[in-house]
Amino acid sequence: MATALLALVVAGVGVWLATRGSSSPEAGGPGPRPSATTTVPGRPLFFFPIDLRHPAATGKDKQAASDDATVAIAARLSTFYDTVFANPETWANGVPDGAWSLFDRSVADRAKKDADAFTLGDRATGLAELKVKDATLAVKVLLDPSGQADAAIAEVEFVAVGTMQDGQKIDITNHVSFLLRPEGGQWAVVGYPSASTDVQARTAPSPSAGPSGSATP
Amino acid sequence: MMRFRRAVAYWLSASVAVASLAGVLILIGPRGHAGRAHASVSTAGGAGVFELHAAHDGASFVPALEGKRPLFILALGSDARSTRVIEHSRSDSIHLIGINLQRHKASILGFPRDSWVNIPGHGTDKINTAMYFGGPALTVQTVESITGIQIDFWMLTSFGGLRRMVTGIGGLDVRVSQAMHDQYSGANFSKGMHHFNGKQALSFARDRHDVPGGDLGRSANQGKLMLSALSKLRNTFAEHPAELLDWIALGWNHLHLNFDLSTMLNLALTAATMSPDDVTNQVVPATTGTVGSASVVFISSSARSVYADLRDDGLIGS
Chain Y
30 MATALLALVV AGVGVWLATR GSSSPEAGGP GPRPSATTTV PGRPLFFFPI DLRHPAATGK
90 DKQAASDDAT VAIAARLSTF YDTVFANPET WANGVPDGAW SLFDRSVADR AKKDADAFTL
150 GDRATGLAEL KVKDATLAVK VLLDPSGQAD AAIAEVEFVA VGTMQDGQKI DITNHVSFLL
210 RPEGGQWAVV GYPSASTDVQ ARTAPSPSAG PSGSATP
Chain U
360 MMRFRRAVAY WLSASVAVAS LAGVLILIGP RGHAGRAHAS VSTAGGAGVF ELHAAHDGAS
420 FVPALEGKRP LFILALGSDA RSTRVIEHSR SDSIHLIGIN LQRHKASILG FPRDSWVNIP
480 GHGTDKINTA MYFGGPALTV QTVESITGIQ IDFWMLTSFG GLRRMVTGIG GLDVRVSQAM
540 HDQYSGANFS KGMHHFNGKQ ALSFARDRHD VPGGDLGRSA NQGKLMLSAL SKLRNTFAEH
600 PAELLDWIAL GWNHLHLNFD LSTMLNLALT AATMSPDDVT NQVVPATTGT VGSASVVFIS
660 SSARSVYADL RDDGLIGS
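Note that the protein sequences, when read in sequence, are chains Y and U. If you read the first sequence in our numbering, its first letter stands for residue 30, the second for the next number, and so on. If you read the second sequence in our numbering, its first letter stands for residue 360, the second for the next number, and so on.
I should point out that these hints are in silico values taken from the structure, not numbers from a laboratory. Everything numeric in this text was worked out from a predicted model, so none of it was measured. Mixed in with the good hints, there may be bad ones.
Listed below are several chain U residues computed to face chain Y (Cβ distance under 7 Å; list not exhaustive) [said to hold, decoys possible]:
id : residue
1  : Ser419
2  : Phe492
3  : Gly576
4  : Ala579
5  : Glu598
6  : Pro600
7  : Leu620
8  : Ala662
9  : Val665
10 : Tyr666
11 : Ala667
Residues of chain U clear of chain Y, computed beta-carbon distances all greater than 10 Å [as the list claims (entries may be wrong)]:
id : residue
12 : Gln500
13 : Phe518
14 : Lys558
15 : Ser562
Beta carbons are placed, not taken as given, at the ideal position from N, Cα and C, and that holds for glycine.
Please construct the entire structure, taking both the sequences and the accompanying hints into account.
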């Protein structure tokens, strides 16, 4: 009886230990709990630091309206980048269709065809880890004469290092200019003057390389 | 209805919104889709839906205008000094811009300000008096009656507006084909490439005294400024797309227009992806003469074929 009880306690502790590891936040700080996207529990979500710029104003220069638009756009783009770059579910299963809701329906199909410019696409297959090295978002908002935001152009620089399951390191560089208009109460991408995602595998240094400066024949 | 605006008179920029001028419904956007960001241009004769077309290689998509029928814009420059009403002064710069949206090309046709023409309701006079008598609307009507071309939009700036716009975009690079030294306009340029600030650009646009062809040569130079601006817009947009919005805001604040901001944005996007090599610039064929003691310009009969060519597809000579 005592032995059986001990076995149950040990089993219970074992189960507790096994589940505790997968739910703890990753090093680097806690993030907001994931909500809409399927993601690894406890994974900090990616979010662009916001660069508030002086708006291009045609009438009332309302910085607050520009700031509000910038924050909203940052949120939209952060969700997109978190989904297409940082979410392990995407690495395994591909970009979810819902991610393309960032784009106005007039350009969504075109953007999907250009998916390799916006995402890792098939290049994410086998990815085990991704660390963001640098991410900048600069937003310029056009205010109409009444001070309402009419359009915006967001320029993104996103640099990351990925580690494949076999240990191969890859360098990821993404540059995109998004043209956005307010649509149905939220900002949508209606164009992209330029977009690219470049993935380069790191070459391991040659094992036969001698010490630098050695020139002895 | 005309609204008081200040912006760039010489850019091929604007955003086509749901607006009307002489019964034209303007829309922009991909075929078959609806949405706030989209509109299409249609005339009484048939629908031309403006679509989005892709620009250069790599992944790129710029919502430029496309449509079956050409778009026509009248660009005007007023001679109003600060104390006068811009829209009821004389228009010393008159350019009809045709845009072929299918081929993404354009043509600029200049009308010398001293062109001796019929002004509807006012008899025969210099074309620049049409705006004095009846504002931009009468100038539009005058050009329409001369050319048989239905004009969709007009835009108007002043001396000061042009100066501020050119200064605001950091100046323009222009090739001066012949040395210019004119006390009246202030033009003082050697032959060759120059980087004009706003004041210099205005002087270049105003000089007719030591320009071959006088008023005709001046009109050609004004078109040259437009092409320079288009080139700069295109280069700026390619390198720093967000600066397009600064251009739009600058133009908006220095132009009088008969269209709204959305229209301006969509036309700016169209212009920003148009190569200056795909834009022709010429002046209506004409000769100089006099009527009484007044120096005037007589438009040649051969201009009719130019109008027909332009009316057909928005382009001259292609």
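Handout entry: Cβ separation check - Phe518 of chain U to all of chain Y, threshold 10 Å
Key = holds, 21 Å
Practice task
Using 7 Å as the Cβ threshold, decide whether Ala667 of chain U counts as touching chain Y.
Solution key: The hint is violated - Ala667 of chain U has no Cβ within 7 Å of chain Y, the shortest such distance being about 35 Å.
Practice task
Mind checking the CB of Gly576 of chain U against every CB in chain Y and telling me if the closest is under 7 Å?
Solution key: violated, 35 Å
Handout entry: Hint check, Val665 of chain U versus chain Y [nearest Cβ-Cβ separation less than 7 Å]
Key = Status violated, d = 35 Å.
Exercise for the section: Under 7 Å, Cβ to Cβ, is where Leu620 of chain U needs to be relative to chain Y, so tell me if that hint holds or is violated. Expected result: holds, 5 Å
Exercise for the section: Under 7 Å, Cβ to Cβ, is where Pro600 of chain U needs to be relative to chain Y, so tell me if that hint holds or is violated. Expected result: holds, 4 Å
Problem - chain Y contact restraint on Glu598 of chain U - CB to CB distance below 7 Å - result: violated, 10 Å
Exercise for the section: With 10 Å as the threshold, tell me whether Gln500 of chain U passes as away from chain Y on beta-carbon distances. Expected result: Answer for Gln500 of chain U: holds, closest chain Y Cβ roughly 27 Å.
Handout entry: Status of the hint placing Ala662 of chain U at chain Y (closest C-beta pair under 7 Å)
Key = violated, 37 Å
Problem - chain Y contact restraint for Tyr666 of chain U - C-beta distance below 7 Å - result: violated, 34 Å
Problem - Assertion that Ser562 of chain U lies outside the chain Y interface [Cβ separation over 10 Å] - result: At about 28 Å from chain Y, Ser562 of chain U clears the 10 Å cut-off, so the statement holds.
Problem - Evaluation of the interface hint that places Ala579 of chain U against chain Y, nearest CB under 7 Å - result: With Cβ-Cβ at 32 Å, over 7 Å, it is violated.
Checked against the numbered hints above, the structure violates hints 2, 3, 4, 5, 8, 9, 10 and 11; every other hint is satisfied.
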